[in-house]
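Could you put together the complete structure from these sequences and hints?
So the protein lines, in turn, are chains A and B. When we follow this note's numbering, the leftmost residue of the first sequence carries the number 264, and every step to the right adds one. When we follow this note's numbering, the leftmost residue of the second sequence carries the number 264, and every step to the right adds one.
Please note: incorrect hints may appear among the correct ones.
All copies of an identical chain are treated as equivalent in the list; a pair is satisfied when it fits inside any one copy or across any two copies.
Quick list of in silico lysine to any residue cross-link-like pairs, SDA-like style, CA-CA up to 25 angstroms [claimed, not checked]:
no., residue 1, residue 2
1, K300, E516
2, K507, A491
3, K507, D483
4, K393, A539
5, K395, Q373
6, K437, Q373
7, K395, Q484
8, K289, A517
9, K393, L348
10, K507, A466
11, K437, P406
Rather than coming from a laboratory, the hints here were simulated on the basis of the structure. Predicted, not measured: the structure shown is a model, and the values here were computed from it.
There are 2 protein chains.
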Amino acid sequence: MTNDDGRPPAIPMTNPGADRVKDVAKLAGRPSRTRRKQFLAEGPQAVREALKAHRECLAAGGTVVVDEVYASRECLDRYPEFEELAEGLLSIRIASELVLAAMTDTVHPQGIVAVCRFVDVPLAEVLSRKPKLIAMLCRIQDPGNAGTVLRAADAAGADAVIFSASSVDVYNPKAVRSTVGSLFHLPVVLGAEVAEVAAQCRAAGIGVLAADGYGALNLDQLQDESAARSFDQETPESGYWLEKPSLWLFGNEAQGLSTAELESSDYRVAVPVYGAAESLNVGTAATVCLYASARAQQRG
Amino acid sequence: MTNDDGRPPAIPMTNPGADRVKDVAKLAGRPSRTRRKQFLAEGPQAVREALKAHRECLAAGGTVVVDEVYASRECLDRYPEFEELAEGLLSIRIASELVLAAMTDTVHPQGIVAVCRFVDVPLAEVLSRKPKLIAMLCRIQDPGNAGTVLRAADAAGADAVIFSASSVDVYNPKAVRSTVGSLFHLPVVLGAEVAEVAAQCRAAGIGVLAADGYGALNLDQLQDESAARSFDQETPESGYWLEKPSLWLFGNEAQGLSTAELESSDYRVAVPVYGAAESLNVGTAATVCLYASARAQQRG
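The structure is reproduced here in structure tokens:
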């Protein structure tokens, strides 16, 4: 028996104990990910973005993003776009819900999972593209917060997101899920040192801004100065034009930025708190800062 | 044996099976909360904000916020402020870590827990205070998202947060935790109907804005018009001055605002997405919208 195109039909995977299933499941752990330079993208939205990135990357002469895709028959029936996205590039293997559950660490597997290759790039590659807006996560521990910052950076049109050496692993399944596909939208640099990134950015003409609740500068001031900029004005009162290419540093959830991290920056900028909140969640602060830069740069 | 002040020393609670412990633990469930009109605030930050609200409320002739506080000896030694905050108002009961773990649903209890009375207020009370900025959660299901919106509203200086009838219960321990104390900072209205809230706000001169990815108006336009407003200008091109008293509607995580909810609004406003992100997390969108209104109102 053959399909219309002459290929034999794929046999659905139904054994959750099969070696191949175990190999995929092992990617929930960091040692396997690091050794194989692969990670899991789970659920329709993440896999869709992974396949789009795969297609675009190959079309541009780049490397493979997705190695394998496993999906339930129901999922493919519901989302026919997956077979279109994969067409000519890779075969989607049909798997039972039990097999998919064994492959992933979610309580409710979402019918589709992709084995992806690491997508991070070196800092030099990011800098070679003349970035205007970069977010750096400094020792951020919570996968959900990392995802929120990455997603906010993506929405604000940032050119890259950099994770410091002791931040959460962005390839951890919880972090991948919380980026909702944004991990495949913009370059990510991993395991970087704050002082080194700041120095290289500064050398590339990029200003280094620390998001710091105790900062001497206020984001409102920077926004107002930028909005009111007159044609020939060289330096604002704050000393910094928000429309300049900028690297934002965001600190650990509990401790904020360390003294050394703050000293790596050119300016310390506070996000105004108008109400009684004692502090901002790092995701909220990053959203406000990155959107403020993006608006100023769009205008400038 | 007596303390310096002549009172007998409190006997630490060490029996996790005691009725009192079970009574506290039951507040993790909605039926008990609803019947007793009480909920749990866990951890130093939430309890601190609860006690501050309790003190301020009583000083202003208002009602009790905190009924009981249980803490480990270690927690009180580490944070002496709790005994100062409670002084003259209520006694903090010392409890073992086992008792605290039995009272709460957290994997890592944080040494202190407060039994609080419901803090929500009627819509009429909010409107009587001439609010300038209100956030409404329309069928938001995730406790973490509800907390992020409440916290962003608090940071933006909003005057109230309203939960629609089918939103997550803000008194659910996960939601309380994710507000990190902001639940005690600003009035909360629960179980409201969107159309009713919109009508009452409109009657009170408050504009109703729907945060909607497909909105005809763009938040950048509203911000630019507001920033460039000249003294005698009556109506901007968009039709809406962002510095006006405003109610923002934020929709369900997966579906956004329903047709009926959109129709309750005066204007549908899109948060710009500059990058490749397909949509914004509701917490991110709420942050950008509420901060935009707050800035315009501060300026206006």
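_If you test the structure against every hint from before, which numbers come out violated?_
Those not satisfied are hints 1, 5, 8 and 9.
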